[in-house]
Amino acid sequence: MEPNGWAVTGLPANFVADAGVDDVTGTLLGAPATVRFTPIGYRWAHSDGPTITSSNGGATWASLGLSDFSTTPTSRTFEERGRYTVDVFVEYSAQYRYGGAWVPILGSLEVRSDTHTVIVRSAKTVLVDRDCDSSPGGPGC
1 MEPNGWAVTG LPANFVADAG VDDVTGTLLG APATVRFTPI GYRWAHSDGP TITSSNGGAT
61 WASLGLSDFS TTPTSRTFEE RGRYTVDVFV EYSAQYRYGG AWVPILGSLE VRSDTHTVIV
121 RSAKTVLVDR DCDSSPGGPG C
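Taking this note's numbering, the leading residue of the sequence shown gets 1, the next gets one more, and so forth.
Keep in mind the hints are simulated off the structure, nothing from the lab. Note that the coordinates shown come from a computational prediction; the quantities given were computed from them, not determined experimentally. The C-beta atom is built at its ideal place from N, Cα and C for all residues, glycine as well. Please note: incorrect hints may appear among the correct ones.
Pairwise CB distance ranges (calculated) [to be verified]:
#, residue 1, residue 2, range
1, S67, S134, 21 to 29 Å
2, A31, R112, 28 to 36 Å
3, D133, S55, 41 to 49 Å
4, S113, G10, 23 to 31 Å
5, L109, D133, 48 to 56 Å
6, W6, S54, 16 to 24 Å
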């Protein structure tokens, strides 16, 4: 997530997951067999209730050409300070190959990643006439 592990009340936090195609190969009855898992959906389940779903894992603000704290399809704005957890679930489709072409497997498999903790704090802004580099004794410096 961005920012990494923290958020500011009233501003979007951006959630990003990275999962790729995974081929698992082995031997079945003496011949090579492969099962391919392809991500087809993502779900971020927040401990306070909201869920974000997406067909892709989202993207960073930088890769989207956005400034920090911009709204994205996978962002969420926290309204209350506190400590939250977020579980990411990736849904995979599967197909197999055993001595021929790929064959789709009906259904999908949802895999949960590690739980992530988000610390949400509030921020107060102060209007000043100079930045902290040119006025180190200014408010908030």
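Each hint tested on the structure:
1. S67 <-> S134: 21 to 29 Å: holds (23 Å)
2. A31 <-> R112: 28 to 36 Å: At 33 Å between Cβs, range holds.
3. D133 <-> S55: 41 to 49 Å: holds (44 Å)
4. S113 <-> G10: 23 to 31 Å: holds (27 Å)
5. L109 <-> D133: 48 to 56 Å: holds (52 Å)
6. W6 <-> S54: 16 to 24 Å: Between W6 and S54, where Cβ atoms are some 22 Å apart, the hint holds.
Comparing the model with each numbered hint stated earlier shows that all of them hold.
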